[in-house]
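Going line by line, the protein sequences match chains C and V. Counting from 1, one number per residue, gives the positions in the first sequence under my numbering. Counting from 1001, one number per residue, gives the positions in the second sequence under my numbering.
None of these hints come from the bench; they were simulated from the model. Quantities reported herein were computed from a predicted structural model and do not represent experimental measurements. Note that CB positions come from ideal geometry on N, CA and C, so glycine has one too. Be a bit skeptical, because a hint or two may be false.
[What the hints assert, rightly or not] Below 30 Å or equal to it, Euclidean Cα-Cα: the simulated DSS-like pairs (lysine-lysine) are:
1. V:K1169 x V:K1197
2. V:K1169 x C:K89
3. V:K1135 x C:K89
[Stated by the list, open to error] Computed spacing ranges between beta-carbons, pair by pair:
4. C:R20 x V:E1108: 47 to 55 Å
5. C:L161 x V:S1016: 20 to 28 Å
6. C:A27 x V:P1168: 52 to 60 Å
7. V:G1134 x C:Q282: 26 to 34 Å
8. C:A33 x V:D1153: 45 to 53 Å
9. V:P1168 x C:L219: 37 to 45 Å
[Said to hold, decoys possible] Sample of chain V residues facing chain C (criterion: CB under 10 Å; computed from the structure):
10. R1056
11. H1057
12. G1185
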Amino acid sequence: MATPTPQERERPTVVTRTARPGERARALVQSRAFLLLAIAVVFAVLVVAAQLRGVSAERLLSLAAWGVMLGGIIGLGSIGLTLVYGVLKFPNFSHGALVTLGAYFTFAFLAWLPQGEPLTPLSFGWEFPVALLVAMPLVGLVAMAVDRVVYRRLRRQNAHLVLFAMASLAMAFFLRSLIYIAWGPDFHFYYPGRPNPALTLPFNIRVRADQLFILALALVMMLGVYLLLERTRIGKAMRATADNPELAQVRGINTERVIAWTWLLGGALAAAGGTMYGLSSQLRPEMGFWLLLPMFAATIMGGIGNPYGALAGALIIGVAHQVSTAFMNPTYGPAVAFVLMVIVLLVRPQGLFGRSGG
Amino acid sequence: MPLLEAEGVTAGYGDSEILHDVHLRVDEGEIVALIGPNGAGKSTLMKAVFGLVTPRHGSIRFRDKEIAGHTPYNIVKEGLCYVPQVANVFTQLTAEENLDMGGYLLDESVLPERKERVYALFPKLRERRHQRVGKMSGGERQMVAIGSALMLDPALLLLDEPSAGLSPKLVDEIFANIEQINATGLAILMVEQNARKALAMATRGYVLASGQNRVDGPGQALLDDPEVGRLYLGG
């Protein structure tokens, strides 16, 4: 049995001791408002830097709209990461590989399905959502199988959490190698050479129809996750198990089953995120690995274990990442996520929506 | 036939052995108090009954069925529920969601009626049912914890220090609630620091010290026993 999670125990309600100025300043710096301010400053710096480089307001708005879409992709990945952390308390470094696997599974099914007419203005036909819907549960099953073979064994032995993290890193390399073997190191496109011209929206925002589809799909899935966690029995059991696994067992919840569902859900969402990432750019065996940093940054920013927080964090990081490309080489994009993550860790390690006091 | 019978239970964590050859019995409808100094192994015995600690030797039978070494989520199906001493509520969930989790094994259609019964016992919870339990006071949390354990309508309720951390007034309230629950026919096994109060309302009591049985008998008899008074009730 794992050691019981630290719970908020009774705290004395009356605190008569007056805080010293140093403590008060520290409390102020660690507040949610201060963290939001710090994030706002990062955005202000990005916008000012873009202005100095002569980037138009329309271009910035378009980039921000792209960023929201990228945030949707990161968010879909982060939800699985944060749910698994919530229930099992270890950072799953192989989550990026599940993202990649999802993208390639969709790619594989597309090759089997007959190609329909593109659903203009989208670049793809009906076969694309079908392939995605097949890939999602399959990646979920892969995640479940990995848990069954690797992590469950470690759970049974009451292994140290560091061992779980190391095992997940090993699984990341293992899964990536499988992808190399199956599909090779080259780039792939879902629809090579097919045009997807940008549409012009109000305020002269230019986005491609595919990007709007990505955003809509991400929103629908997040609504689904919300309903699952808040309204269904298994969703509540997931939150309960994340909160206090020992008590969950005592209340009659089969926590192993809850863990299996958590992997299924996390893997399926990762697959959706990967497929959308592949649609917005191209498929590479490292694509998920590069998303790992922004996903972790979003998870930490939102308060690790909190799916809604991860979503908020993902949107902030997605927009910051895209806006930075207005004046920086896009290869440095992950640095923005990294800077934001470091700010969160320095100012308020429990994140935007984490419990205060750690 | 006793409801719960533990015999020769030896258990511990890692290399340390905490319980040595302990026995305990709870009959239908009884309140049994488990008292003794800190570190006597009272909570460990509760955990052993509930499968959170696996006994190394001995047997634990509930209604004549061996439950020693079973998983907690299987033990709870037999008709006994447990309120741990600490971390006994889901702080991130609302009071109502906590009760839903208490009734996780039930068919969804029975949940409203069971929740009504808990709210009848603890009217305060009805008002605050949509509140997150992490924001509630210690007394309210204890109500949520006991209420969740009552959702399955168990035959035996295990309470580990229900009065811990509560103000004297709330302690009396919780004890009154426990008697009320017992009056409906539910047997109760409770660990208590508040030994005098616990023995006063208990049918029988067990004194545990250093992981071994010391004395047991009717609650009143233990209260009157000068030796028990001197050693375990603080004179």
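Now the hints, each set against the structure:
Distance check on the hinted pair: K1169 (chain V) and K1197 (chain V) sit about 13 Å apart at the alpha-carbon level, within 30 Å; holds. Restraint check: the Cα-Cα separation between K1169 (chain V) and K89 (chain C) comes to about 39 Å, which exceeds 30 Å; the hinted pair is violated. Taking the CA atoms of K1135 (chain V) and K89 (chain C), the gap is near 23 Å; set against the 30 Å cutoff, the hint holds. Separated by about 53 Å at the C-beta atoms, R20 (chain C) and E1108 (chain V) satisfy the suggested range of 47 to 55 Å.
For the pair L161 (chain C) and S1016 (chain V), the supplied restraint of 20 to 28 Å holds, since their beta-carbon distance comes to about 23 Å. For the hinted restraint 52 to 60 Å between A27 (chain C) and P1168 (chain V), the CB-CB distance of approximately 33 Å leaves it violated. The hinted window of 26 to 34 Å between G1134 (chain V) and Q282 (chain C) is violated, with their beta carbons roughly 45 Å apart. One distance hint, 45 to 53 Å for the beta-carbon pair A33 (chain C) and D1153 (chain V), holds here, with the actual separation near 47 Å.
At about 53 Å, the CB distance of P1168 (chain V) to L219 (chain C) disagrees with the hint of 37 to 45 Å. Interface restraint check: R1056 (chain V) against chain C, minimum CB-CB distance 15 Å, threshold 10 Å, status violated. Because the closest C-beta pair between H1057 (chain V) and chain C is about 19 Å apart, greater than 10 Å, the hint is violated. At about 21 Å, the closest approach between the beta carbon of G1185 (chain V) and any beta carbon in chain C exceeds 10 Å, and the interface hint on this residue is violated.
In this structure, the hints that do not hold are numbers 2, 6, 7, 9, 10, 11 and 12, in rising order.
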